[in-house]
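**Q** Please take these sequences and the hints and turn them into a complete structure.
Following the working numbering, the numbering of the sequence shown begins with 159 at its first residue and continues without gaps.
List of simulated lysine to aspartate or glutamate pairs, EDC-like, C-alpha gap at most 20 Å: (1) Lys194 with Asp178; (2) Lys181 with Glu193; (3) Lys228 with Asp217; (4) Lys192 with Asp178; (5) Lys192 with Glu205; (6) Lys194 with Glu205.
What the hints contain is simulated information worked out from the structure, not anything from laboratory work. Please read all numbers here as calculations on a predicted model, not as lab measurements.
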Amino acid sequence: GANNSQTARNLHISRRIVNDWVKRFYEQGLDGLKEKPRSGRPCNLNEQQLSQLSQYIHDNSIKPKGGRLKAQTLVAYIT
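**A** This is the structure:
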């Protein structure tokens, strides 16, 4: 198995996030990895729109010439 650093690199996320996942798993099992309700404004996108946005982010998050997606780009995609 991969260590936390390798997992973070493979998923293009920070090692801290992977460390948090591992800690929650050890403390709570699989239930610790499930999404929990969050406070704040509810999402205005339906499940299909969220899926399309997720795919767009996945397809465009790492550009061949380098760089990352900006919030402005996502807002333009959504509206």
